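2 protein chains.
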Amino acid sequence: MAPFLSRRDLQFQLYEVLDTAALPGRPRFAEHSREVYDDILGLAYNVADRYFANHAREADLNEPHVVDGKVKLVPAAEQAMKAFREAGFFSAHADEELGGLQLPNVVAQAMHAHFKAANIGTSSYPFLTIGNANLQRVFASPEQQQKYMLPLLEGRWFGTMALSEPHAGSGLADITTSATPRGDGTYAISGTKMWISAGEHELSENIIHLVLARIKGAPAGVRGISLFIVPRYRVQPDGSVGESNNVVLAGLNHKMGYRGTTNTLLNFGEGGETLGELIGEPGQGLRYMFHMMNGARIGVGMGAVMLGYAGYLASLEYARDRRQGRHASNKDAASPPVRIIEHADVRRLLLRQKSFVEGGLALGLYAAHLEDEIETGPGETRRDNELLLDLLTPIVKSWPSKYSQEALSDAIQVMGGAGYTRDYPVEMYYRDNRLNPIHEGTEGIQGNDLLGRKVTQSGGRGLQVLLERIQADLEASEGLEGLDEIRVAVVKALNQSGAALQTILGQAPELGPDLFLANANSALEMMGHTVIGWMWLRQAVTAAQRLPGARGDDADFYRGKLQAARFFATHELPKVRAHADLLASADRTTFDMQDAWF
Amino acid sequence: MAPFLSRRDLQFQLYEVLDTAALPGRPRFAEHSREVYDDILGLAYNVADRYFANHAREADLNEPHVVDGKVKLVPAAEQAMKAFREAGFFSAHADEELGGLQLPNVVAQAMHAHFKAANIGTSSYPFLTIGNANLQRVFASPEQQQKYMLPLLEGRWFGTMALSEPHAGSGLADITTSATPRGDGTYAISGTKMWISAGEHELSENIIHLVLARIKGAPAGVRGISLFIVPRYRVQPDGSVGESNNVVLAGLNHKMGYRGTTNTLLNFGEGGETLGELIGEPGQGLRYMFHMMNGARIGVGMGAVMLGYAGYLASLEYARDRRQGRHASNKDAASPPVRIIEHADVRRLLLRQKSFVEGGLALGLYAAHLEDEIETGPGETRRDNELLLDLLTPIVKSWPSKYSQEALSDAIQVMGGAGYTRDYPVEMYYRDNRLNPIHEGTEGIQGNDLLGRKVTQSGGRGLQVLLERIQADLEASEGLEGLDEIRVAVVKALNQSGAALQTILGQAPELGPDLFLANANSALEMMGHTVIGWMWLRQAVTAAQRLPGARGDDADFYRGKLQAARFFATHELPKVRAHADLLASADRTTFDMQDAWF
Numbered sequence: 001m002a003p004f005l006s007r008r009d010l011q012f013q014l015y016e017v018l019d020t021a022a023l024p025g026r027p028r029f030a031e032h033s034r035e036v037y038d039d040i041l042g043l044a045y046n047v048a049d050r051y052f053a054n055h056a057r058e059a060d061l062n063e064p065h066v067v068d069g070k071v072k073l074v075p076a077a078e079q080a081m082k083a084f085r086e087a088g089f090f091s092a093h094a095d096e097e098l099g100g101l102q103l104p105n106v107v108a109q110a111m112h113a114h115f116k117a118a119n120i121g122t123s124s125y126p127f128l129t130i131g132n133a134n135l136q137r138v139f140a141s142p143e144q145q146q147k148y149m150l151p152l153l154e155g156r157w158f159g160t161m162a163l164s165e166p167h168a169g170s171g172l173a174d175i176t177t178s179a180t181p182r183g184d185g186t187y188a189i190s191g192t193k194m195w196i197s198a199g200e201h202e203l204s205e206n207i208i209h210l211v212l213a214r215i216k217g218a219p220a221g222v223r224g225i226s227l228f229i230v231p232r233y234r235v236q237p238d239g240s241v242g243e244s245n246n247v248v249l250a251g252l253n254h255k256m257g258y259r260g261t262t263n264t265l266l267n268f269g270e271g272g273e274t275l276g277e278l279i280g281e282p283g284q285g286l287r288y289m290f291h292m293m294n295g296a297r298i299g300v301g302m303g304a305v306m307l308g309y310a311g312y313l314a315s316l317e318y319a320r321d322r323r324q325g326r327h328a329s330n331k332d333a334a335s336p337p338v339r340i341i342e343h344a345d346v347r348r349l350l351l352r353q354k355s356f357v358e359g360g361l362a363l364g365l366y367a368a369h370l371e372d373e374i375e376t377g378p379g380e381t382r383r384d385n386e387l388l389l390d391l392l393t394p395i396v397k398s399w400p401s402k403y404s405q406e407a408l409s410d411a412i413q414v415m416g417g418a419g420y421t422r423d424y425p426v427e428m429y430y431r432d433n434r435l436n437p438i439h440e441g442t443e444g445i446q447g448n449d450l451l452g453r454k455v456t457q458s459g460g461r462g463l464q465v466l467l468e469r470i471q472a473d474l475e476a477s478e479g480l481e482g483l484d485e486i487r488v489a490v491v492k493a494l495n496q497s498g499a500a501l502q503t504i505l506g507q508a509p510e511l512g513p514d515l516f517l518a519n520a521n522s523a524l525e526m527m528g529h530t531v532i533g534w535m536w537l538r539q540a541v542t543a544a545q546r547l548p549g550a551r552g553d554d555a556d557f558y559r560g561k562l563q564a565a566r567f568f569a570t571h572e573l574p575k576v577r578a579h580a581d582l583l584a585s586a587d588r589t590t591f592d593m594q595d596a597w598f
Numbered sequence: 001m002a003p004f005l006s007r008r009d010l011q012f013q014l015y016e017v018l019d020t021a022a023l024p025g026r027p028r029f030a031e032h033s034r035e036v037y038d039d040i041l042g043l044a045y046n047v048a049d050r051y052f053a054n055h056a057r058e059a060d061l062n063e064p065h066v067v068d069g070k071v072k073l074v075p076a077a078e079q080a081m082k083a084f085r086e087a088g089f090f091s092a093h094a095d096e097e098l099g100g101l102q103l104p105n106v107v108a109q110a111m112h113a114h115f116k117a118a119n120i121g122t123s124s125y126p127f128l129t130i131g132n133a134n135l136q137r138v139f140a141s142p143e144q145q146q147k148y149m150l151p152l153l154e155g156r157w158f159g160t161m162a163l164s165e166p167h168a169g170s171g172l173a174d175i176t177t178s179a180t181p182r183g184d185g186t187y188a189i190s191g192t193k194m195w196i197s198a199g200e201h202e203l204s205e206n207i208i209h210l211v212l213a214r215i216k217g218a219p220a221g222v223r224g225i226s227l228f229i230v231p232r233y234r235v236q237p238d239g240s241v242g243e244s245n246n247v248v249l250a251g252l253n254h255k256m257g258y259r260g261t262t263n264t265l266l267n268f269g270e271g272g273e274t275l276g277e278l279i280g281e282p283g284q285g286l287r288y289m290f291h292m293m294n295g296a297r298i299g300v301g302m303g304a305v306m307l308g309y310a311g312y313l314a315s316l317e318y319a320r321d322r323r324q325g326r327h328a329s330n331k332d333a334a335s336p337p338v339r340i341i342e343h344a345d346v347r348r349l350l351l352r353q354k355s356f357v358e359g360g361l362a363l364g365l366y367a368a369h370l371e372d373e374i375e376t377g378p379g380e381t382r383r384d385n386e387l388l389l390d391l392l393t394p395i396v397k398s399w400p401s402k403y404s405q406e407a408l409s410d411a412i413q414v415m416g417g418a419g420y421t422r423d424y425p426v427e428m429y430y431r432d433n434r435l436n437p438i439h440e441g442t443e444g445i446q447g448n449d450l451l452g453r454k455v456t457q458s459g460g461r462g463l464q465v466l467l468e469r470i471q472a473d474l475e476a477s478e479g480l481e482g483l484d485e486i487r488v489a490v491v492k493a494l495n496q497s498g499a500a501l502q503t504i505l506g507q508a509p510e511l512g513p514d515l516f517l518a519n520a521n522s523a524l525e526m527m528g529h530t531v532i533g534w535m536w537l538r539q540a541v542t543a544a545q546r547l548p549g550a551r552g553d554d555a556d557f558y559r560g561k562l563q564a565a566r567f568f569a570t571h572e573l574p575k576v577r578a579h580a581d582l583l584a585s586a587d588r589t590t591f592d593m594q595d596a597w598f
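Chains as they are written, first to last, in the UniProt record's numbering: chain A, 1 to 598; chain B, 1 to 598.
Everything labelled a hint here was simulated from the structure, so no lab data went into it. Keep in mind that the hints are not guaranteed to be accurate.
Any copy, or any two copies together, can satisfy a pair, since identical chains are not distinguished.
In silico lysine-lysine, PhoX-like type, Cα no more than 25 Å apart, as pairs [to be verified]:
1. Lys331 x Lys216
2. Lys82 x Lys147
3. Lys492 x Lys575
4. Lys82 x Lys70
5. Lys72 x Lys492
6. Lys575 x Lys82
7. Lys492 x Lys331
8. Lys72 x Lys82
For clarity, every value in this text was computed on a predicted model and none was experimentally measured.
I would like the entire structure built from these sequences, with the hints used as guidance.
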């Protein structure tokens, strides 16, 4: 069985491309050291390998189902939660005073990556819980934190985010779940929530739902939406779990993949009152939720990266072992077949995967690095880093979601019929990852967010920061050997993207908002590829700097990085132009299309 | 539930783009008329709707399994075979003297399309049977035809093609199944065959395997491969089914999709002798098999088209019904949400699907039309048509396999979370179609076939014919309204592709065969898109000619064709350039990559 993750690449990304080893120089991380980080990642590998990877297929084949009114998961999921809890991973990122390790975001993200790669379905339970706790840490009152957040950080209770409703998925502005003040500071919550992951299970003593709802009399649209803490079981004054809060499971969704994560339809206020506590101010619910959502979007992107990465490693192992066919130049039918990794087209499929998943990993960790810069880095670059992270978030979410799916298709293709069977994991990864372009904001939403909001936000400062950072890395690449192709290709993609953005932004007033956004997907594609090209430039700079002093496996590793950068430069970045041209042309084809013509 | 197929589009392709109504003017089809064809297609729709579509999901959820030593399918599959048989569809294409209808290929293909769209898994049983009979019709002896082919045409017995072995899938040259002469004209077949679709079931009285094997002492490689008829049950002199022929089911493969089709590992000669009859001459097995294989490749392409088409129609229906969000220009939160088909990005996803599946359908039926031209058309164009069909076959097989998968991904995306659940069929189509880029020759094999063989075959005459045909359609497009974008885009793609081919072919001698073929996938992509662009040009010409005289739904239909052609021109054809540039550059990236660097 192939490993689910490349520990060597993770080290490269953290310590060679990023300067994670310097973080202990900051006050918040003063107790840390690279050794501490490595120990945690080593522990994560072992726990993920032993308690998560062990039941990925089992959970896929035995999806959650209801037995005697309770949602039943495979028993191994419970063991996994126990191991994750005992390792202290629920609170790894939290403050020391809350029992946490104060891990930097980049290390926490790298730690999480192991569980996503090993078993994406089971990993959802802790990650939704951690996201929930993160939101409470920022917006909930001290009393709420004491009551609801601490048990999450201990891993005793689990969390969800309950946003969508049957008639309102992407269009959250239209949610109708209501919150009626009960006069004692609490609210009676009533309504139906759809697509709630981890919405019901018996893995934890309690489930804390973060629920978007409208307080009676609130205005229409997003300004009328508030956020509530709604526990599955009411919490007693002493913090213990009490009676049912009347959150009723109305149904389970049956998905193509990601089957280990129970996905639910929940009725609030059925058969009795459902009590909720308001978080923060009324009408701020969507803003608070987006704090969690932005983290969740990076998490989705990283989940996609890790599924793609696991598929890549599985297909690589297969390609190194399986013998089939001969080189076109070999006419000797009696010669033995070659290992399929020797066929150029198989190497294309493998290099393509490598360029997608390692490029995606670099981006996901870069985003986490930006979070650290914002939280603990120098104050003078904080605002720039915030704007850059805002700009990158739709790409961090959507690019790996889309291109890991392509990588996984390539993994299946490398393995042929074998890859299409359930004897190997790649078909499962392919089914799992297809969710990622949908949840936490579809690709369409990400495109609109990028072109309609992030590109022009704060006078375009985020975009300016991006250009400056890329420029700095282009300068760092000069004089280094083997980098010409990637450098030239990045510059070209950057110029094409920049010119297209300038053109479409210049036309925006006359186009109007609908036509302006009609080709937002091309903006997402064009900027996504350009950003990943930049990520490859950064990796290539590091590899080129280290290659001369490297020997053996290390030298091969750096050569592989340079070749993958070259691949992305020659096979992928030239695709930017078609998207840039389309965007710049303000093409009306989809805008003009009529329902009746389909 | 959305329809699984657009009867209007099928009429358009057959009678407006192609001149199928003129075929009854040929002697072989003298008994036919357009009304006959329409009646057959109407019957096909009804049988497919009632007996195939009814159990597509049921067969997906209850894949074939072994009970008491027998492979058990869902009972509805048996009813489907009965209905297909009673409709006379097994022999629809066969000669009248064999009980057939002598249907033209293009009509037979259109008839088959219904079953592929309604239930791809169950449709495999009759289509493998028909392919088997087609091969026997050309290469088997009259005695063999009498004994083995007639029961297939009656639908009493079913057929398979047994090529691959556990160690030899794409690399058929390495098969080791042996055939030992028994002295009475028959052979004892011994070995193991892998990935045999419909290899074992109880749907028919007998199963006739077409088996590739080596006669003892035959040379290594493809020249030593012969083709044998191997029945599951031996056939008595009176044609009745006798004792077991010792073809033993060694295992079932468990696939991601296409689950209704049983897929088997078979041992020949286990527990007793397996008798086989040689077809034709020894050493010609692969050549004979490729006669069936070429038809099978068109069939795979059409299967992909129809899965994509069914997904498109399902997502279209959903998009017309589901309300979500508002236009960016609408700031009134109290206004009702719009139907999602009104969002430009959803229309992009729908137009993209439409352009892929209707483009693919046009190509699949054009290929069938070429088969008719070859078999019953004017003698002076026969050779040209043969070469053109040879050239197009790798594209007919691989382009829809790849782009229907993209279309199905778009269908899921349109439907969001709903599309990802088993409550709707699109996730199933997505799993089903992922097989198509693998079986009957992987995408890698199609690329090598196209660039390494078909492009230069007969002094490049096939390519020349392609250029002439496209040129003729470009001329036909002149002066017609609304065709500028598609015409200009096709010319551009054609010029880019042509120049890239010329460049790489010119360098072939110095590159050597391995490096020459290293970027064959780009040739496949570039030519595939160009050919589909041509198919859209043809459809657009017809639509533009008919639009002025059309009213109501018909006018909308033609406007939709023109808009989809425009979409392919503006959103897809510009992607040709990156592939053409890569091919022309004889890029060495994948060729130079080393195993150790991954």
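Results of checking the hints against the structure:
1. Lys331 x Lys216: The answer is between: 22 Å across copies meets 25 Å, while 80 Å in one copy does not.
2. Lys82 x Lys147: For lysine 82 and lysine 147, only the intra-copy Cα distance (22 Å) is at most 25 Å; the inter-copy one is 66 Å.
3. Lys492 x Lys575: So lysine 492 and lysine 575 pass the 25 Å test inside a copy (11 Å) and across (16 Å) alike.
4. Lys82 x Lys70: Only inside one copy: lysine 82 and lysine 70 sit 20 Å apart there, 44 Å across copies, limit 25 Å.
5. Lys72 x Lys492: Answer is neither; intra-copy 53 Å and inter-copy 58 Å both fail.
6. Lys575 x Lys82: Neither: 46 Å inside a chain and 50 Å across chains, both beyond 25 Å.
7. Lys492 x Lys331: Neither: 42 Å inside a copy, 38 Å across copies.
8. Lys72 x Lys82: Answer is within; shortest intra-copy Cα gap is 17 Å, inter-copy 41 Å.
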